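Visitor: Read top to bottom, the protein sequences are chains U and A. Quick note on the numbering used here: the first sequence kicks off at 1 and runs consecutively. Quick note on the numbering used here: the second sequence kicks off at 117 and runs consecutively.
To give an idea of the chain U side of the interface with chain A (calculated C-beta under 8 Å), a few residues:
id: 1; residue: 31
id: 2; residue: 33
id: 3; residue: 43
id: 4; residue: 45
id: 5; residue: 48
id: 6; residue: 55
id: 7; residue: 56
id: 8; residue: 95
id: 9; residue: 97
id: 10; residue: 103
id: 11; residue: 104
id: 12; residue: 105
id: 13; residue: 107
id: 14; residue: 108
id: 15; residue: 109
id: 16; residue: 110
Using 20 Å as the maximum straight-line C-alpha spacing, the simulated SDA-like pairs for lysine to any residue come out as follows:
id: 17; chain 1: U; residue 1: 44; chain 2: U; residue 2: 58
id: 18; chain 1: U; residue 1: 15; chain 2: U; residue 2: 65
id: 19; chain 1: U; residue 1: 83; chain 2: U; residue 2: 10
id: 20; chain 1: U; residue 1: 11; chain 2: U; residue 2: 88
id: 21; chain 1: U; residue 1: 62; chain 2: U; residue 2: 87
id: 22; chain 1: U; residue 1: 44; chain 2: A; residue 2: 140
id: 23; chain 1: U; residue 1: 44; chain 2: A; residue 2: 121
id: 24; chain 1: U; residue 1: 44; chain 2: A; residue 2: 143
id: 25; chain 1: U; residue 1: 11; chain 2: A; residue 2: 157
id: 26; chain 1: A; residue 1: 174; chain 2: A; residue 2: 184
id: 27; chain 1: A; residue 1: 165; chain 2: U; residue 2: 106
id: 28; chain 1: U; residue 1: 44; chain 2: A; residue 2: 147
id: 29; chain 1: U; residue 1: 44; chain 2: A; residue 2: 211
id: 30; chain 1: A; residue 1: 165; chain 2: U; residue 2: 104
id: 31; chain 1: U; residue 1: 44; chain 2: A; residue 2: 125
id: 32; chain 1: U; residue 1: 44; chain 2: A; residue 2: 122
id: 33; chain 1: U; residue 1: 44; chain 2: A; residue 2: 123
id: 34; chain 1: U; residue 1: 83; chain 2: U; residue 2: 114
id: 35; chain 1: U; residue 1: 11; chain 2: U; residue 2: 22
id: 36; chain 1: A; residue 1: 187; chain 2: A; residue 2: 122
id: 37; chain 1: U; residue 1: 44; chain 2: A; residue 2: 158
id: 38; chain 1: A; residue 1: 187; chain 2: A; residue 2: 117
id: 39; chain 1: A; residue 1: 185; chain 2: A; residue 2: 171
id: 40; chain 1: U; residue 1: 44; chain 2: A; residue 2: 213
Source of the hints: derived by calculation from the structure; they are not laboratory data. All values derive from a computational prediction rather than experimental measurement. Heads up, the beta-carbon is just placed ideally off N, CA and C, and yes, glycines get one too.
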Amino acid sequence: EAGVAQSPRYKIIEKRQSVAFWCNPISGHATLYWYQQILGQGPKLLIQFQNNGVVDDSQLPKDRFSAERLKGVDSTLKIQPAKLEDSAVYLCASSLATGVGTDTQYFGPGTRLTVL
Amino acid sequence: AQSVSQHNHHVILSEAASLELGCNYSYGGTVNLFWYVQYPGQHLQLLLKYFSGDPLVKGIKGFEAEFIKSKFSFNLRKPSVQWSDTAEYFCAVMGGANNLFFGTGTRLTVIP
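Okay, chain U solo, but in the shape it has when bound:
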């Protein structure tokens, strides 16, 4: 079974530039998550989709971050404009969403963003 795919794996940009990350979840997984992992910290949820609807985006800095999952499969996360503190690994995860509290999330390899 193919895992969660993410691209690019690495990205270096200058502050105030824009950047986009792509995620393809495991086939059949209805729920998709984007996490931000800053060096030395655990992953922090940015946004959660159930099919193509947003379940939770309370931690997403909406003035600069946006995400979409138009067809309920692939998802993109965008940052515009980027700040130095956005340097982090952006993780995508997916789960079947078979029931509350029984889901296991499977993570992709992440995109390491460096903002100069």
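Since the structure of chain U is already known, use the hints to place chain A on it.
Guide: Quick look at chain A alone, frame taken from chain U:
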């Protein structure tokens, strides 16, 4: 609010030593707990999980964890570590919307 504390930031052990990594959580609802591992250069992988039932949970690669409700703890254990266990270990609690709240992680270095 949900939160997870991992008190050990970096643990260094010799091969064959026993391992215990601490994890304490704060959550008012039904508790679902996880340990994930990230080997060098690899993505996060599920090590084990607790949803209900037997509080002693066995995972992959000889790891186990014990859920102690009275102590709000879910410590990870392994009786004898190997060099290949060198990795970063994350404890997480699941929130009401099935999202995960992670601790800051513990880096384990096993010396051959």
